Amino acid sequence: MPAELLGDMHSDDARRRSRGSPARCRAGTLLAAACAALLITGCVNNPVGSARNGGIYAAKAAASADAALSAVSTVQLVARAAGDHKVFGTFASVSVDQQEDALTEITTTFRSIQPPDAESRALRDELGELLDRALEHLAAVRVEIRRGRLATAAEVAAPLAGDARQLDDFAQAHQ
Amino acid sequence: MKKLLGVFLGVLSAIGGFVDIGDLVANAETGARFRMNLAWVVVVGVVGIIVYAEMAGRVAAVSGRPVFDLVRERLGPRFGLANLGASFFINFLTLTAEVAGVAIAISLLSSINYLFIVPAAAVLVWLVVWRMPFETMERIFGLLGLCLLVFAVTVWKIGPDWNQLLSGVVHPHVPSEENPFTYAYYGIALFGAAMTPYEVFFFSSGAVEDKWTVKDLGENRINVLLGFPPGGLLSLAIMACAHLVLAPANIGVGTLDQVSLPVALTLGKVGLAIVLIGIFAATFGAALETALSAGYVIAQYLGWTWGKHAAPRRATRFHLVIIITLAASTFFALSGVDPVKVTEYSIVLSAAALPLTYFPILVVANDPSYMGEHTNGRWLNAIASVYLVVLVAVALATIPLMIITKAGQ
Amino acid sequence: MRISDLLASDVQDAGGTSLGQVRDVRVVQDGPVVGGVQAAFRVDALLVGRGTLGGRLGYHHGQVQGPWLLRMLLRRASRTVRTIEMTQIDRWDDEQRIVHLR
Amino acid sequence: MPAARVLYASLDLLDRQLRDRHGVECGNVDDLELTRHDDGRLYVTAILSGPGVLLYRLGRRRLGSWIQRAHRRTGFADDADHARVPIELASTISASIDLAIDRTDHASFAGERWVGDHIISHIPGNDHDADQ
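Quick note, the sequences are listed as chains G, Z, R and X, same order. For the first sequence, the numbering used here gives the first residue as 1, with consecutive numbering after it. For the second sequence, the numbering used here gives the first residue as 1, with consecutive numbering after it. For the third sequence, the numbering used here gives the first residue as 1, with consecutive numbering after it. For the fourth sequence, the numbering used here gives the first residue as 1, with consecutive numbering after it.
Watch out, some of these pointers could steer you wrong.
Quick partial rundown of chain X residues pointing at chain Z, CB under 7 Å, derived from the structure [claimed, not checked]:
{"id": "1", "residue": "Asp15"}
{"id": "2", "residue": "Gln17"}
{"id": "3", "residue": "Val24"}
{"id": "4", "residue": "Glu25"}
{"id": "5", "residue": "Gly27"}
{"id": "6", "residue": "Ser91"}
{"id": "7", "residue": "Ala95"}
{"id": "8", "residue": "Asp98"}
{"id": "9", "residue": "Val115"}
{"id": "10", "residue": "Gly116"}
{"id": "11", "residue": "His122"}
{"id": "12", "residue": "Gly125"}
{"id": "13", "residue": "Asp127"}
{"id": "14", "residue": "His128"}
{"id": "15", "residue": "Asp129"}
Hints were generated in silico from the structure; no laboratory data involved. This structure is a prediction, so every number in the text was calculated from the model and none was measured. We put the CB at the ideal spot given by N, CA and C, even for glycine.
Construct the complete structure from the given sequences, taking the supplied hints into account.
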């Protein structure tokens, strides 16, 4: 609803006192400024809250596992496609680099959340281990592709299948 | 015959020009996460942009007045200024996303890190705005954008179970593991991607630049009616690819290479090359339109001389605004901000800002002193009014949903 | 003097009670011929009241009719707009921006 | 004699696009000047448009007037008020308002010329008409 129309609904005296001063114009620019502030934080990094109780921690762990699974699956597909000559070396290396960056950020963001209780600490260790292993396997694929050995990329990516399954099970278990 | 060829090329470039970084990301993300359950939003969005763009084009052709000229005239300078601030900010975000998209497409072809390519891409955009004639610019990038039809070829090649695919479209439901708020948030993102305001700023300003008259109204309708629906189908093809290939592999779209993966897996290197060229052309064309829109909205609000046709020396402040905005977008893209996230924010906020420019256009399209016998008909007004209510509802729901779902987490 | 001052003026009747703000100014091109070409625009009446947007968009004293939804919405908002002829005006204090009626 | 034309300032005049004699945009109608003639009646005597005028109308009266005065001194060689266009020079008043002047001697051109001289003219190809 246009602001000016809303303005008419309020009492006319209030508007007369602010007569001449562009109250509505300030409201518009305030709205834009609020959007800008909201965005800049949102765009740069995913704001991470501390997990107050185990339930929230488990949900965040599951979300991290889901995101990690996405990166791992992508690299699996890209490695297999590279082996089948379905993608260029350039595409494969850029794609794997980006997924590695994504997985690294998921891991650091997850590690920065404080586990509130003993059970959560167990979850952190379990998922932490899983993420590190996946990161290792993913790095191996990157190196293989970066060296141009596309044919063997799929083999090097084989362990990722196990990581993917475990990440998927973890995510389902703590959804 | 030449006229027919002109119209044919116009329709093709409308199809090629419909999809931009917002459509690529939104449709792939929703396909991967919600399967085809949000496809209906694309259909609603395409009908909306047809109504909105046709009205804006007709108003520009009959009254010779582009969008932001009318926004100030009809809403007054104060509310027009707030409207200008919001629209310019969202256009800036979209421009940043498009420039980053161009750079990523090139990096996927050349494996140079995309951050190095961003400045070069921005300079290339500026060069085209500065020197290339309007029609040539529209034609080249519109037609090259047709390469994105390879998404449709991919869906056909995969040969999916069509009625299973269509069931998602016809009987949409919120998937069990997703909450309705996120479903609504992605619906708004899709809607904002389909009904991008900058397309209307560009469309109506282009009509004034090309000196459209009442004679061109027919061509305007053909371009919109024959150009946008196939563009919408192309968006659904992108969604279907993600649904058929990415969703089963538990892949959520976070980067542009994932969007093109289904094509590569199905059609191999040739398909991949074509889709990357298509993504480059679509995002480059959209970067041109958003860069020009930055100049259009400010120049039209303040009454400056503006226009792509005239030599830059005859519209100096218009071109200065474009140069400054492009430079600012380049710095923002280089600041390490996640390009897919910026795209998401730009399309969601676009959806929220739609009533700001849609409302004045709807009013002017109903003003006989401007439009004469080209004033809106009863049926068009009925549809346009329904969309106004939908747009206001979307606008009110966007910010709360953005907070509840933490931007679609 | 500028019309923006008049548009920002409050209209008060002889007793000093406010009738609302000047929403629009009606001008008629029937003044003395100026520059040998056209008649001058004479300020003929003030539109006073609350609903601004309806008038500004053209629903109140303009020709905009449709769409039905907006006409209903905006017509009701600008129901209270009243036309005051210049003859009813005693004086316009453009410093204080108050129009005093007779 | 046809009935005299009736217009409403906010609806039909203010914020309209101004075009010069060649049809080129040269600012918007930011405000209108009123003058009281000896018959006691108020007449619209000029269209006001240019830096500071819109600010004045938006409520920033002092800042608007200051910018207008400062601009008047620096913007043009002579000391005429280029932000003021006598109403009789408005040849047609419709969707936009055509003025029987050249945009180069209108107040809003000062900014256009400054940007042209100091920035745009230094970039090659600035006089190339994009449509050749």
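Do the hints match the structure? See the list:
1. Asp15: With a minimum Cβ separation of about 5 Å from chain Z (threshold 7 Å), the hint on Asp15 (chain X) holds.
2. Gln17: 6 Å, holds
3. Val24: 6 Å, holds
4. Glu25: With a minimum Cβ separation of about 5 Å from chain Z (threshold 7 Å), the hint on Glu25 (chain X) holds.
5. Gly27: 4 Å, holds
6. Ser91: 16 Å, violated
7. Ala95: 5 Å, holds
8. Asp98: Hint violated; Asp98 (chain X) Cβ to chain Z Cβ min 12 Å, cut 7 Å.
9. Val115: 4 Å, holds
10. Gly116: The hint holds - Gly116 (chain X) has a Cβ within 7 Å of chain Z, the shortest such distance being about 4 Å.
11. His122: Violated, because the Cβ-Cβ distance from His122 (chain X) to chain Z comes to roughly 11 Å (cut-off 7 Å).
12. Gly125: Status holds, d = 6 Å.
13. Asp127: With a minimum Cβ separation of about 5 Å from chain Z (threshold 7 Å), the hint on Asp127 (chain X) holds.
14. His128: Nearest chain Z Cβ about 6 Å off; hint holds.
15. Asp129: Hint holds; Asp129 (chain X) Cβ to chain Z Cβ min 5 Å, cut 7 Å.
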